[in-house]
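**Student:** Sequence:
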Amino acid sequence: MADFFIDEKVDITDVVCPVTFVKAKVAIEELEPGQILSIHMNEGEPVENVPRSLKEEGHQVLKLIKREDGTFDLLVRKGEEE
439 MADFFIDEKV DITDVVCPVT FVKAKVAIEE LEPGQILSIH MNEGEPVENV
489 PRSLKEEGHQ VLKLIKREDG TFDLLVRKGE EE
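Residue numbers for the sequence shown, in my numbering: 439 to 520.
Honestly, I wouldn't trust all of these hints.
Stated by the list, open to error - Straight-line alpha carbon distances no greater than 25 Å define the calculated DSS-like cross-link-like pairs of lysine-lysine that follow:
#, residue 1, residue 2
1, Lys463, Lys504
2, Lys504, Lys493
3, Lys493, Lys447
4, Lys447, Lys461
5, Lys461, Lys493
6, Lys501, Lys461
7, Lys493, Lys463
8, Lys447, Lys463
9, Lys501, Lys463
10, Lys447, Lys504
11, Lys461, Lys504
12, Lys447, Lys501
It is worth saying that the hints were derived from the structure and are not from the lab.
Please put together the full structure from these sequences, using the hints given.
**Tutor:** So this is what it looks like as structure tokens:
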């Protein structure tokens, strides 16, 4: 994760879909456009749905990193405000 400066982190491993996207969306809404959010999540539905949903919201998915424990870190740059 040294490639990017992480402005904020959120851990959504303790919730299930669709709450995973809701928590990610709330966290990214608190950032300024261009800032980067790291989202720690479980495999399965969150990895499939959260990146896609954030892209549809106008944010840029930078990287999906698989960790040794089977969880993932998703790096997302907040898009411009509408």
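**Student:** A separate judgement is required for each hint: does it hold in the structure or not?
**Tutor:** Checked hints:
no., hint, result
1, Lys463 with Lys504, "holds (21 Å)"
2, Lys504 with Lys493, "holds (19 Å)"
3, Lys493 with Lys447, "holds (18 Å)"
4, Lys447 with Lys461, "holds (11 Å)"
5, Lys461 with Lys493, "holds (15 Å)"
6, Lys501 with Lys461, "holds (19 Å)"
7, Lys493 with Lys463, "holds (11 Å)"
8, Lys447 with Lys463, "holds (12 Å)"
9, Lys501 with Lys463, "holds (17 Å)"
10, Lys447 with Lys504, "holds (16 Å)"
11, Lys461 with Lys504, "holds (20 Å)"
12, Lys447 with Lys501, "holds (14 Å)"
Every hint from the earlier list agrees with this structure, and none is contradicted.
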